[in-house]
Amino acid sequence: MHDGPANDTAAPMPAEGEDAMSRISNISRRSFLQTSLLAGSAGGAALFGPWKHNRVYAAASDKPIRIGLTHDASGQFANSGQAERRGSEMAVAEFNEAGCVLGRKIETVWMDTETNPQTGTRVAERMITREDVHFLVGAVQSGTANAISQVAQKYGCIYFNTNSSSPTESGKNCHRVKFVWDGNGENFSKAAARNAIQSFGKNWFLIYNDYVWGQNTNAATKMVATNYGANVMEEVAIPVGTRDWSSVLLRIQQAKPDVVAAAVGGDDFKVMRQQVSDMKLDRKPAWINNQQDWPDIYGLGVDAAFGVFGTTWYHYLDLPGVADFVKRYQERYPTTRIDVPGNVTYNGYVATRELLRVVGEVGSTDNMKVIKALEGRVMKAEDRMQNHDAVIDADSHQIQQTIYLAQGNPKPRDESDYFEILSASDPESIRSEAGKECKLEAYADTPNYDQG
Amino acid sequence: MLLDLIPHLINGLALGLLFALLALGFMLIIGVMEVINLAHGSLFAIGAYVALAVMAPDGGLPYAFMEPYYALPAVARYLIALAVGPLVAGVVGMGLELCLRRTYGADPLYGLLLTFGAALVLEEAIRLVWGSSEYYLPIPSGISGGFIAGDLIYSTYRIYAAVFAAGMIGVLWLFLNKTPYGAVIKAGAHDSEMVRALGYNLTRLRLLVFGFGAALAGVAGIIMAPIWGIRPVVGVDAVIPAFVIIVLGGVGSFWGAVSAGIMVGLVVALTAAFLTDWSLLSMYLLLLAVVTFRARGLAGKSSVLEA
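If you're matching them up, the sequences are chains A and B in order.
With the first letter of the first sequence counted as 1, position 284 gets the number 284 in the numbering used here; the numbers rise by one all the way through.
With the first letter of the second sequence counted as 1, position 54 gets the number 54 in the numbering used here; the numbers rise by one all the way through.
Calculated from the structure, these hints are not laboratory results.
Take the hints with a grain of salt, since some may be wrong.
[Unchecked claim] Simulated DEER-style distance windows between Cβ atoms:
no. : chain 1 : residue 1 : chain 2 : residue 2 : range
1   : B       : 274       : A       : 118       : 29 to 37 angstroms
2   : A       : 129       : B       : 34        : 42 to 50 angstroms
3   : B       : 109       : A       : 337       : 34 to 42 angstroms
[To be verified] Simulated coverage check for chain A against chain B, where a stretch passes if three residues somewhere in it have a Cβ under 8 angstroms from a Cβ of chain B:
no. : stretch
4   : 72-79
5   : 227-239
6   : 245-255
7   : 272-286
Every residue gets a Cβ at the ideal spot worked out from N, C-alpha and C, and that includes glycine.
Next comes chain A alone, as it looks inside the complex (with noise of 0.2 angstroms):
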């Protein structure tokens, strides 16, 4: 779906008094002849020869600048998708009130990723090839963020993954083009290992979605319990899609945990919430959900916020910034059934704020000078809404950043105050280890990107 009109480049007008067929006969066919084979090889040289540039060359510098959306719509993580979207798009618009960047208009152009990995291939591949996009924002799903970051590394597009949490989008699948913007499966394990151990026991019931972020949250989630000396029970990969939990609590029953470690999202985490809940299993054992999405619990109650689980952001932060950004978000959604956003919104907004205001400083949509810009860059914790300043991994590319820990909140304020925060790790005490195992490709093997 297009938000905006393509580029659209004027053609050169007719001098007054003279049509553009008697132009057209004035031309020579040697001059003309000359002018086409000046015109192919300087064409040629540029899309054959050494610099690997992928550029638009009849750009204007004046042009919009276009981010290509991939938020999902379908699937699994419809709600979600569509909840960064809407970051997004906020970011955007407020951009263009203050008067652009650089002079030009930003545009989005959003297409449904449908949490399907094919889809983003073909997505990304479209986004590039055909709708001209400088960069590319958005992913909740980590097998669809992957796929996304491949196309767009081989093309050189930057890429903001903004909300998909596996350790391995900054760890063995990291890309020198994307940024992952959320914590990731092993700083929200790292948050609340330590505090669930000492609080609730050492005997560990493990449960995962089985696929990318949570076989690799899992691991991260199994690597740092034991490491402060947890007793890892049983390990149980659960398929996506799975909508009858009954199986699986019965066996976690018999197993008599102390604590259970949850890496299920989307609607299965929906759906087992509900059953837990509705058995009265919420208690004991002890549930630790790696990461609570707020679009997966807003409108059921601040009872569905079951256990303890981490965040990175909530609308009832006690910061400088927080209250104006719920106030603006809601003055620019006012009709949308999440009334008040949430971390994978936060998330969205951040990043493509960050990405716009980088763009201004170095005064291009080059790649390699916003990839240069980006690395390393530390964002201030009051410009964020954070606790801690968070700071973009030059290795990694991960945002090292406050990730909160929370449970259900037993003295809500209103109905939108589900979460009650129970501590706001420093980035730095829970730096996530897999960039560990992330090789970044050299800026040389990286090809220049520019739409102009």
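Please arrange chain B on chain A, whose structure you already have, making use of the hints.
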């Protein structure tokens, strides 16, 4: 070890009864009409969504207009949902049967394609009305929560749902076997031309049977909604097991469908407990194993709807 297995067998039996309920309407339509109704899952979804509208203040009906209604006790609204959901699904099903008439006597593929198209249309219609968010059907407090048996907690609702499903299976069997209407339906499944020759209005019979089968899908949707949740694609979650159960049980066999449903429930529950990553695959492996040795299914020999 054996004692550990008992809760899972009970759970599997409960799940199996729910699967059987899911397949009953499908079985009825395929038995009498010889139509594989791929919109069965969408009719299931319609039952669930209509129940949501009837039960929940934010379920799709205009709250300001309906406010006095939502003041009714949850039990009363639930009973209304159990009546209205199947009724709406039944009416939609009858509309679908009207569309299907031109395909009777033609290549069965036309009916298959038409119901597949109808499933897509109904799913999109649901998306337009209710959006793509996931909902949960609120239920009366008397059938929610858990109860302790031994040292385990079981879901009260699951037991209620299994008993309800068993009751529905019994009522349907009595209807088909002990009433003159059931006799006509069974006769229609055996030899529709003979039924017509005996003076029965075959066109009306087909319309009513399709509506009845659709209403059964609606009932299953309401019963399964608190377990599976409600989302536009829930129909796909429903139609695939229903199809597997019908083929496994033997097309057109009442008790074949019931026993296949229970068998699928047991296999799914046991694999979900002990080989969890195989749980979604297990029903297909079961189908493969049975059909390999008995192509017509477990009870495919006995003719349609015979006891």
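Checked hints:
1. B/274 - A/118: 29 to 37 angstroms: holds, 32 angstroms
2. A/129 - B/34: 42 to 50 angstroms: For residue 34 of chain B against residue 129 of chain A, whose Cβ atoms are near 49 angstroms apart, the range 42 to 50 angstroms holds.
3. B/109 - A/337: 34 to 42 angstroms: holds, 40 angstroms
4. 72-79: As far as the stretch 72-79 of chain A goes, the hint holds, because 4 residues have Cβ atoms under 8 angstroms from chain B.
5. 227-239: holds (count 4)
6. 245-255: Holds: 7 residues of the stretch 245-255 of chain A have a Cβ under 8 angstroms from chain B.
7. 272-286: holds (count 6)
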